[in-house]
Amino acid sequence: NAGVTQTPKFQVLKTGQSMTLQCAQDMNHNSMYWYRQDPGMGLRLIYYSASEGTTDKGEVPNGYNVSRLNKREFSLRLESAAPSQTSVYFCASMRQTGTSNSYEQYFGPGTRLTVT
Amino acid sequence: GENVEQHPSTLSVQEGDSAVIKCTYSDSASNYFPWYKQELGKRPQLIIDIRSNVGEKKDQRIAVTLNKTAKHFSLHITETQPEDSAVYFCAPSGGGADGLTFGKGTHLIIQP
Chain R
653 NAGVTQTPKF QVLKTGQSMT LQCAQDMNHN SMYWYRQDPG MGLRLIYYSA
703 SEGTTDKGEV PNGYNVSRLN KREFSLRLES AAPSQTSVYF CASMRQTGTS
753 NSYEQYFGPG TRLTVT
Chain X
7 GENVEQHPST LSVQEGDSAV IKCTYSDSAS NYFPWYKQEL GKRPQLIIDI
57 RSNVGEKKDQ RIAVTLNKTA KHFSLHITET QPEDSAVYFC APSGGGADGL
107 TFGKGTHLII QP
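So the sequences go chain by chain: R and X. Taking the working numbering, I'd label the letters of the first sequence as residues 653 to 768. Taking the working numbering, I'd label the letters of the second sequence as residues 7 to 118.
It should be emphasised that the hints constitute simulated quantities derived from the structure, not laboratory data. As the structure is a computational prediction, the values presented were derived from the model and not from experiment. Hints are not guaranteed to be accurate.
Unchecked claim - Here are some chain R residues pointing at chain X (derived, C-beta under 8 Å):
1) A676
2) M679
3) S683
4) G692
5) L695
6) Y700
7) Y716
8) F742
9) E756
10) G762
11) L765
Said to hold, decoys possible - Cross-link-like lysine-lysine pairs, in silico, DSSO-like; alpha carbons within 27 Å at most:
12) X/K110 to R/K709
13) R/K709 to X/K43
14) X/K48 to R/K723
15) X/K77 to X/K110
16) X/K48 to X/K74
17) R/K661 to X/K64
18) R/K661 to X/K48
19) X/K28 to X/K77
20) X/K28 to X/K43
21) R/K723 to R/K666
22) X/K48 to R/K709
Claimed, not checked - Residues on chain R that point at chain X, a partial pick, calculated with CB under 10 Å:
23) A654
24) V656
25) T659
26) P660
27) F662
28) V664
29) L665
30) G668
31) D678
32) Y685
33) M693
34) G694
35) S754
36) Y755
37) Y758
38) F759
Don't be surprised by glycine CBs; every beta carbon is placed ideally from N, CA and C.
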């Protein structure tokens, strides 16, 4: 089991360029998430997908789009990158069952993105 | 939305001493209270969580206590060791699939 994987690990973009961050999980989890982490800010939710076929905005969705390609894969797209989007991006997944006592989220290793 | 605050933002303790980190939240509908640990350069990982029908939970040297009336919960680490040095985040939630609202984190430093 690889768990949650993300590509790429590092990326440098120029302002205005676009790119897609890829995320995949092999744990058969229903829900998937994208967070960004900035120094002193904790992790903030960008978008999430509660189940295959659905996506919803989180706290900081502006400038991003997402696609839940299938149950395994959830991608994050920056259409026109801005310096304010320099951050570390984490993908996460959660099994989510109605009877579960835990809603543990499993995180990927992160993508460090710099926009110049 | 949920307003989450953690205190302190930095905590330095001597190895072997105890550490306590407090998390306050605003949404009275929150019923799931996890703590995540993030080592430098690594991903966050769940270390302990509690549901609102339980007041305390222990797992070896770590424990979480919940005061739902006052809307705060705390992480307790006893007999601290160098490997406890990390940033700790609380993330209270309603327990569904909506994603977590994280506190800004507490940097725990274990002094030898």
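Right, here's what the structure says about each hint:
For R/A676, the interface hint is violated, the least distance from its beta-carbon to any beta-carbon of chain X being 15 Å, above 8 Å. Restraint check, R/M679 versus chain X: the minimum CB separation of about 14 Å is more than 8 Å; hint violated. The restraint placing R/S683 at the interface with chain X holds, with a minimum CB-CB distance near 4 Å, inside the 8 Å limit. A cut of 8 Å between beta carbons decides the hint on R/G692: the least distance to chain X is about 6 Å, and the hint holds.
Hint status for R/L695: holds, given a least beta-carbon distance of 5 Å to chain X, under 8 Å. Checking R/Y700 against chain X: minimum C-beta separation of about 4 Å stays under 8 Å; hint holds. Contact between R/Y716 and chain X, as hinted, is not supported at the beta carbon level, the nearest pair being about 14 Å apart and thus beyond 8 Å. A hinted interface residue such as R/F742 counts as satisfied when its beta carbon comes closer than 8 Å to some beta carbon of chain X; here the least separation is about 6 Å, so the hint holds.
Look at R/E756: its Cβ gets to within about 5 Å of chain X, closer than 8 Å, so that hint holds up. For R/G762, the suggested interface contact is upheld, since its CB lies about 6 Å from the closest CB of chain X, less than 8 Å. Interface restraint check: R/L765 against chain X, minimum CB-CB distance 15 Å, threshold 8 Å, status violated. Proximity of X/K110 to R/K709 is assessed by CA-CA distance (about 20 Å); at most 27 Å being required, the pair is judged to hold.
A hinted pair counts as satisfied when its Cα atoms are at most 27 Å apart, and R/K709 with X/K43 qualifies at roughly 25 Å. Of the supplied pair hints, the one linking X/K48 and R/K723 holds, its CA atoms being roughly 25 Å apart against a limit of 27 Å. Straight-line distance between C-alpha atoms of X/K77 and X/K110 comes to about 17 Å, which keeps the hinted pair within the 27 Å bound. Of the supplied pair hints, the one linking X/K48 and X/K74 is violated, its CA atoms being roughly 31 Å apart against a limit of 27 Å.
For the hint pairing R/K661 with X/K64, the CA-to-CA distance comes to about 35 Å; that exceeds 27 Å, so the pair is violated. Distance restraint check for R/K661 and X/K48: the Cα-Cα separation of roughly 12 Å lies within the 27 Å cut-off, and the hinted pair is therefore satisfied. Restraint check for X/K28 and X/K77: the C-alpha separation of about 11 Å stays at or below 27 Å, so the hint holds. This hinted pair checks out: X/K28 and X/K43 have alpha carbons roughly 14 Å apart, not beyond 27 Å.
Annotation: proposed proximity of R/K723 to R/K666 is violated, straight-line Cα distance about 32 Å (limit 27 Å). Between X/K48 and R/K709 the CA atoms are separated by roughly 26 Å; this keeps the pair inside 27 Å, and the hint holds. The beta carbon of R/A654 comes no nearer than 13 Å to any beta carbon in chain X, farther than 10 Å, and the hint placing it at the interface is violated. The closest approach between the C-beta of R/V656 and any C-beta of chain X is roughly 8 Å, which is under the 10 Å cut-off, so the hint is satisfied.
For R/T659, the interface hint is violated, the least distance from its beta-carbon to any beta-carbon of chain X being 15 Å, above 10 Å. Contact between R/P660 and chain X, as hinted, is not supported at the beta carbon level, the nearest pair being about 16 Å apart and thus beyond 10 Å. Hint on R/F662 is violated. Least Cβ distance to chain X is approximately 12 Å, over the 10 Å limit. Checking R/V664 against chain X by beta carbon gives a least distance of about 18 Å; that is not within 10 Å, so the hint is violated.
With its C-beta approaching chain X no nearer than about 21 Å, R/L665 sits outside the 10 Å limit, and its interface hint is violated. A distance limit of 10 Å between C-beta atoms decides the matter here; for R/G668 the minimum to chain X is near 29 Å, and the interface restraint is violated. Hint status for R/D678: violated, given a least beta-carbon distance of 16 Å to chain X, over 10 Å. For R/Y685, the shortest C-beta to C-beta distance to chain X is roughly 5 Å, which falls under 10 Å, so the interface hint holds.
Interface restraint check for R/M693: the shortest CB-CB distance to chain X comes to about 6 Å, inside 10 Å, so the restraint holds. At its closest, the beta carbon of R/G694 sits 4 Å from a beta carbon of chain X; the interface hint therefore holds under the 10 Å criterion. Taking 10 Å as the C-beta cut-off, the interface hint given for R/S754 holds, the closest approach to chain X being about 6 Å. Against a cut-off of 10 Å between C-beta atoms, the interface hint on R/Y755 holds, since the closest Cβ of chain X lies about 6 Å away.
Given hint, R/Y758 at the interface with chain X, holds; its Cβ is 8 Å from that chain's nearest Cβ, closer than 10 Å. About 4 Å separates the beta-carbon of R/F759 from the nearest beta-carbon of chain X, less than 10 Å, and the hint is met.
Of the hints listed earlier, those the structure fails to meet are numbers 1, 2, 7, 11, 16, 17, 21, 23, 25, 26, 27, 28, 29, 30 and 31, in rising order.
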